[in-house]
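Chains as they are written, first to last, in UniProt numbering: chain Z, 1 to 276; chain V, 1 to 750.
Just so you know, these hints were derived from the structure itself, not from any lab. Some hints here could point you the wrong way.
Stated by the list, open to error - Quick look at which bits of chain Z chain V covers, simulated, 3 or more residues with Cβ under 8 Å:
id : segment
1  : 39-47
2  : 58-71
3  : 178-191
What the hints assert, rightly or not - Distance condition first, Cα-Cα at most 30 Å in a straight line; then the derived DSS-like pairs of lysine-lysine:
id : chain 1 : residue 1 : chain 2 : residue 2
4  : V       : K327      : Z       : K191
5  : V       : K63       : Z       : K154
6  : V       : K327      : V       : K286
7  : V       : K93       : Z       : K62
8  : Z       : K254      : Z       : K243
9  : Z       : K103      : Z       : K190
10 : Z       : K62       : V       : K367
Small disclaimer: the values here were computed from a predicted structure and weren't measured. We put the CB at the ideal spot given by N, CA and C, even for glycine.
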Amino acid sequence: MASFVKAALAVTAVLATFVSPPTSSAAETLRINGTGAGLVVVKPLAEAFQKENRGIVIEMEKSLGSSAAIKAVSRNALDLAISGRTLKPAESAEGLVQQEWGKTPMAVLANRGVRSKGVTLKELAAMYAGSSAKWPGGELVRVVLRPNEDTDTKLTRSMSPEMDRGVGAAQGRKDMLLGITDNEAFESLKKTEGAVAVMALSLALAEPNSVNVLKLDGVLPSVANAASGKYRFVKDMHLVMRKDAPAAVAKFVKFLNSKKGRSIAAKYGLVVPGTK
Amino acid sequence: MNRHSQSIRRSTTLTAGILSAVLTVVPPAIYFVMAFSHMTGVIETEGEINARVVGTLVVANPKMWEFEELRLKELLARRSTDTAETRVLYNLKGQVIAESSDQVLRPLLSQAFPVYDAGHQVANLVVSRSLAPTLMVTTLLFCLGALAAGFTFFRLRTVPLRAIENAYRNLKQSEEKYRSVYESLNEGLALYRTIPVGGAEIDLVLADINPTAVSVFGFGRDDIGKSILQLQGGLFAPVREALQGAPAEVSLELTQEGAGRVFTVNAFAMGDGMVATLLEDVTEKKRSAEQLENLAYYDSLTGLLNRRMLLDRMEHTLGTAQRDGIKMATLFFDLNGFKPINDTMGHEAGDQILIEVARRLKSSVRKKDTLARLGGDEFVVVATLDTEDNASCIAQNLLRKLAPVYEVGGREVFVGASIGISIYPDDGTAPETLLKNADIAMYNAKKPGIEFCFYSAQMNQKLQERTRLEFELWMALEREEFFLEYQPIMDARTGRIAAVEALVRWMSPEKGRVMPDSFIPLAEATGIIVPLGEWVLKTACTKLRQWLDAGCLPIRMSVNISGCHFMRSELCRMVEEAAEQTGVDLGLLELELTETCLVKDVEETAAKLWYLKGLNVSIGIDDFGTGYSSLQYLKNFPIDHLKIDRAFIKNVCELPDERAIVEAIIGIAKAMELHVIAEGVETLEQAQYLAHRGCDELQGYYYHRPLSEERLLEVLREERERFEQGTVGGACEAGAGGGADVAAPVAVME
Chain Z
1 MASFVKAALA VTAVLATFVS PPTSSAAETL RINGTGAGLV VVKPLAEAFQ
51 KENRGIVIEM EKSLGSSAAI KAVSRNALDL AISGRTLKPA ESAEGLVQQE
101 WGKTPMAVLA NRGVRSKGVT LKELAAMYAG SSAKWPGGEL VRVVLRPNED
151 TDTKLTRSMS PEMDRGVGAA QGRKDMLLGI TDNEAFESLK KTEGAVAVMA
201 LSLALAEPNS VNVLKLDGVL PSVANAASGK YRFVKDMHLV MRKDAPAAVA
251 KFVKFLNSKK GRSIAAKYGL VVPGTK
Chain V
1 MNRHSQSIRR STTLTAGILS AVLTVVPPAI YFVMAFSHMT GVIETEGEIN
51 ARVVGTLVVA NPKMWEFEEL RLKELLARRS TDTAETRVLY NLKGQVIAES
101 SDQVLRPLLS QAFPVYDAGH QVANLVVSRS LAPTLMVTTL LFCLGALAAG
151 FTFFRLRTVP LRAIENAYRN LKQSEEKYRS VYESLNEGLA LYRTIPVGGA
201 EIDLVLADIN PTAVSVFGFG RDDIGKSILQ LQGGLFAPVR EALQGAPAEV
251 SLELTQEGAG RVFTVNAFAM GDGMVATLLE DVTEKKRSAE QLENLAYYDS
301 LTGLLNRRML LDRMEHTLGT AQRDGIKMAT LFFDLNGFKP INDTMGHEAG
351 DQILIEVARR LKSSVRKKDT LARLGGDEFV VVATLDTEDN ASCIAQNLLR
401 KLAPVYEVGG REVFVGASIG ISIYPDDGTA PETLLKNADI AMYNAKKPGI
451 EFCFYSAQMN QKLQERTRLE FELWMALERE EFFLEYQPIM DARTGRIAAV
501 EALVRWMSPE KGRVMPDSFI PLAEATGIIV PLGEWVLKTA CTKLRQWLDA
551 GCLPIRMSVN ISGCHFMRSE LCRMVEEAAE QTGVDLGLLE LELTETCLVK
601 DVEETAAKLW YLKGLNVSIG IDDFGTGYSS LQYLKNFPID HLKIDRAFIK
651 NVCELPDERA IVEAIIGIAK AMELHVIAEG VETLEQAQYL AHRGCDELQG
701 YYYHRPLSEE RLLEVLREER ERFEQGTVGG ACEAGAGGGA DVAAPVAVME
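Just chain V, same shape as in the assembly (with noise of 0.2 Å):
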């Protein structure tokens, strides 16, 4: 490139410097010889009309004529023109006889015209002029030629040069700047030339690399004019063959046996015969994407396929089982018993039960078929079938492989399983249906006694019916048809209302009244029980405000919280806000448990209790009797009150064995300073026989239903203007045949 530039550089001032030299000579010069030929010719011209003037005279007086001076200076004078000019008339002798002459600067042009007397030459005429200003132009035109050449020269070669040295500068910088990202490139890049080696074949000749192929790929600069086939051990000759027929660009992956590496080379014509290949190492990438494959289709637990892979290889045993005509059929796993393990000795311990599963499953099926684990404790089998019966054989088979005993962390477990069976193409016949049936079946599984299933059609009108109602549910929440009714607790000693127990109901639009029976399970199992369970909370809460506000004697308000909304929501924040919000004194709140939520987790509950009890809300235990009914948690948890279970009171007057219950129960409450309420009551003589025994409240339709919150209002009302008129002096005043005091109902139906 340097040398092309001097090259350029000499060529362009060779170029300006001859342009320069002929406009700073050429003009001059050829001013000067037009200036000095016009001279000439005038000088010519003029002397050869002086000189026959001057003849003239001469022939006029030959003997004396040269004594007439004055004439013929005279003569001499005789001019056409103002140019200063000298004209001496010369005797043969060379004797000056006379002259006329101006002012004239030297040098001088001159030329001398032979004077005659009838063709005898008697005298010389010598014209002169001067050159002075002749040269004076030519130096003129020739400094103002030099300026212009000058500038010309500038023009000719500085302009383009210094145009020139820019686009080398550009050029060089450019070179530089793709030189260091040549240099820098994470990918090793060698550059050939192709030389032909006959026919259209070529072969190419390695020019140049970059460092990156240096040090990654192992080219030395010793290569540099190989065959591309010396190379590597020939490694790139694939290359080499791909590029015959000159394609345009040629992608290709090439693996080094012995280094275990991948790379890929990309190679494409650089133009003037120039192949530049490109070489990645993407064994670390395709290592890369391997593990993102596998966590993207397996589970990265038990190795096992994940859901996204599963329903790809089921599409294809779909396709093989539709060409073969036969049956595919998909086995839902999901594990008994599995929870519990989970919960109580922990995620380790669970994935290690996973893992043996799917050890346990992988064992047992065929190579043929495919398993998957879905998540959680679900696998799923799916194996194509000649008939059904193979299918059950095939479940029997997994729950056996399934049953043994299973050894965690130093203890024996045992996991069992449910299966749902769904049939190809019975059953559907597109991996989500086909899934999603044997799911449902699976859930009919659950039954006890049943250990795998088959799915039907009813199973999944029952499961849509469940997802449409969990749908209402949801838009109930959302358009408020949920309401409360409130029952009341007596006192059983005065007969005064104590209490009332918010209950929730929903008025549906399509069902019209809705009892919590119908919906409470399925909203504690999708998890809706949550945002119910606090607007029950917070709208007693209100509502407890607004009667106090509106001059109600002040009653507790009994909450029921599920379990589920006990364990998964933030129930303390929950009331804390309830109570900022409302206002309500919380030691008028009251929440009641079931006593199987207080055991799933003895820790959480203890604390979570303890704080409610911190913010002085009471906490009674619900339905007591049914559940696990431990004393230990009795004696631990800050409980406040019993609610014995409807279905003790029920016949408690008639069955000793239910008496006996409920005497113990009353007893241990007793015992433990617990206030104890009855519900359910429904007669006299339950209400008699439980205040005798000790019951603090009583509850039921003996006293009151369910009430509206005008028609509780309206029963407080009430209440309060009978007591403060003495009516209703004592509950044993109003019974109705016991010797017991009990408190009265008010009203037996409303």
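Chain Z with its partners taken away, still in its complex shape (with noise of 0.2 Å):
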């Protein structure tokens, strides 16, 4: 009788098969997602690649961060990971593989209420540190951190002794404002009277005149600025997939490469190697 069932069974599915007709899924997929800095550059780059690509449609969740991304691409949950950072061993290990995309500058950004331009490497520390607490406005300086995993706090903890000190120092501050992902964080400082972040120049660029990009040391943090040097923060963009990775993605990872794509990334603040 169990026997019976089952071959029963086995022919319907077989003849599901034939009779089924055929869907729009004949289309690609491509899941892209990771840090924030970087998918706000990857949205419109996605949006021109669709354009020319049909058949591919790109999916982009709210953005997961570098790690989860990676683990997510291992896992085949994703197809392209944009990371902050290189992969670890361990991650390689598990089949993944990295190309270098671009760099986007680590930028001081302020509420929009805070009316400085600028400040130096010193004053930020400050600010971190809590010595400083207010913004000659009379603001009160409210920091925003990330987590202390985050490739961005590893960023800033690198631009000066002063600011890993500073850093450290803001971490064991009791109820600091805190950004898990990179939006978040974003969101803080723009909500946020005072607030004062060090994040992708990419965030900003999204969303224009959200918030206040101020100088570091006399230096606004630019494309430019950082394409020539004179501006040293920088944070590189890395693109993560499996060595198994759809056609789609080496196709996607092309036009990111392709002079429009370069075009594109510069203008939402990733400074692509090769731009002019």
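Starting from the two chains in their separate frames, assemble the complex, guided by the hints.
Structural data, given as structure tokens:
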């Protein structure tokens, strides 16, 4: 009896494959996620790519961050991860490969209400350490932190020894503003009076005039200044994929490195090598 | 007591143990429970909050949230405290999605909190905290509690138990001490338990006895548990009776008829329904008391009442006499002739006489009369009378009874008695007065021819005078109212003063000059003669020494020694002391004794005289011829001279008898080579006669009256001057008429 039921089910399944009509699922889906600063750059690039490649649909969920995206790629939950860091050996061992994409300046962003045009690195370190509590305009300095393990935090610490100490001190302070993701941090920055954070310039460029981009030690963080090396503090962006990634991935990566792709990236704050 | 002690020990130990256990367990337990509750509460709160935060992330990215490890970690790391904690996020398959771990020690307290995606559980958050710090503090508290408990246990158990043990030890020592006292008591001690036997009546049941009760009072150990009525044949029944009504203490004297023993029983309550009876055998004590009473109230020799008891009985008799309106006679006896018997035959013989006298008197008096011995040979009979005549009858009857001969030591002796009688109420109303007055009357009865005498007031007056005089004599001695006069004794051949006789005089402030005849007898009777004689002796020696030192020629000093003085005092020692103190040559001292005193105790007299002789003191017999005039003592005693009594000299020239006596005395003295002195020479004839008869020395008013010291010294000086001028060549030259050589008087009257 049991064998009869099994056989019946198997026949039904085979017939079903022949009877079912062709669907739009023939279009290839490319699942991309990663660091928020990268995604805001990828978003216009994806739109441009999809216009050129109608058969490929790019899905982009809410930013997971670099590590989560890399993990999702390794688990085949994503096809391409935009990472703010290089792969760890363990991650490489899981059959992932990475490709350098570009770099975006790590800018000092402040709430729009802050009237200051720029800060020095020392002043910024003092703000993180809590020794400089107010902006010249009188607003309370409210530092927006990132998770300790986050790439942005590491980059911020590496800006100077004072900054390293300042960030360390800030993380010891109670009830600090914390943005788990780039987007959360950026939202806090926008909403909070006197807020200040060190974040990728791409975030600010994705929403023009939403925040105040401050000069650091008199240098404005810009693609040009970053490309010229005038502005020293940058965040590298990497593309992470599986070795057996679908062809659409390679196609999209190729688009990213194309002239058009580089141009769009530059517009949104990412300096892709080879961009003039 | 030991069981009680064990019980206290167990209770104390249990209480201390429980308290210690509470102290050990309760504080750490309370701490642990509270800390555990707190930790649970904190974990619940933290877990709930964290699970919601994680849930927010899940909702924000329901498809990909599981890959956001870093962000999840960051969320898990959000802590409100610094306490070490482990937070692990599991998916529904139990796989770890993210974890935030501090270093935590096992054991752990863990709680799981579900993480929801819009109401659908998508994960579990497990929050763990270490119980180790709580357990460590709990352990520490346990240890501290244990220490406190140990101390508490010690304080609560050991200290009280030690105090109790000390108390028990002290109690035991005390009990042993009192037990030893109890056991070694000379008194018998019997302890009884009181048992009510209905109503207010109680019975006493023997509970314990000490060894004395067994050995002395005949209790047995098997008597314990018996009623007091069953002990010793009901001997102690009176104790039970006396204790009815619960008096505090009962004291009884019981007599054990068969054994003839008397003992006292003191019963007293000891508390706890116990009664102690203290038994003391007072048989001997009572016997001793009776003996003491006999000694106190009876004369041990005769068994008659003594003075004390006599007075007591007289009080009673006086009471009766007063009540009945009758008279009472007090007859005071003094035996006559008893003293010589006692002296010559010894005290044993005297005692026999006294016993016999007592026996005879006892057989003569009526039962209602009182017979007593006052001491010595004095007896008293007290009798109630209807008339005074009866007293005479009693006295005569008693004298008759005493009159028959007494046989003592194989010899027959006669003893008479003098009786003084005083009558109540005529002669006094008090026993002492009646006794004193009877005594006075008795002295009166001593006169020859009187056997008994009733008291009269005159008798008392004389006695009072005598008493006053005695007092005055003592005072005179103390105030030095006595003085000496010196009567020269002339050498019959040379007419020179050979010696002086010291004569005592009394210059009384009230009576003026008092002659020796008035006070010497009383001084002898009262014993004043002894100190007076000593004073005379020493004063005479002192004066002689002074005269010699002043350049007088050596003369003898003659001092009269009373018989009493000679017998009663230590005359020899006195003489030696006088010589030692004054430095006088004892060869110049003459002691004049009367014959009477020499014959009283011959042996002692001889010893004393020979001793004095050894001191070179001259011994003379004063008033020779008026006393015993025994030739025996003249022969045996070391007599140097005889002084012929003035009674013989007075009429020596007129009466042939007197002359014969004087001549005989002189003859005997010469024959025995004794010096002869005649006193009371008042005329030339007497002086011539005596000198002619060979009398060696003459003394009397014919030559000199007794002289004061100053006058004597003048006389001595004048005499010396005369002799130096040769005016007094011999007695015959100055003689007034006779052919005999005789010393002439220097002055007839001084």
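Status of the hints after comparison with the structure:
By the rule of at least three residues with a Cβ nearer than 8 Å to a Cβ of chain V, the coverage given for the segment 39-47 of chain Z is violated, with 0 such residues. Coverage of the segment 58-71 of chain Z by chain V holds. Counting CB-CB distances below 8 Å, 8 residues qualify, and the rule asks for three or more. Residue count for the segment 178-191 of chain Z with a Cβ under 8 Å from a Cβ of chain V: 3. That meets the three needed, and the coverage hint holds. This hinted pair does not check out: V:K327 and Z:K191 have alpha carbons roughly 154 Å apart, beyond 30 Å.
A hinted pair counts as satisfied when its Cα atoms are at most 30 Å apart, and V:K63 with Z:K154 qualifies at roughly 28 Å. Only pairs whose Cα atoms come within 30 Å are accepted, and V:K327 paired with V:K286 is rejected, the gap being roughly 37 Å. Simply put, V:K93 and Z:K62 have alpha-carbon atoms about 25 Å apart, close enough for the 30 Å limit, and the pair holds. For the proposed pair Z:K254 and Z:K243, the alpha carbon gap of about 15 Å is at most 30 Å, so the pair holds.
The hinted pair formed by Z:K103 and Z:K190 meets the criterion: a straight-line CA distance of about 23 Å does not exceed 30 Å. The hinted pair formed by Z:K62 and V:K367 fails the criterion: a straight-line CA distance of about 158 Å is larger than 30 Å.
In terms of the numbered hints stated before, the structure departs from hints 1, 4, 6 and 10, listed from lowest to highest.
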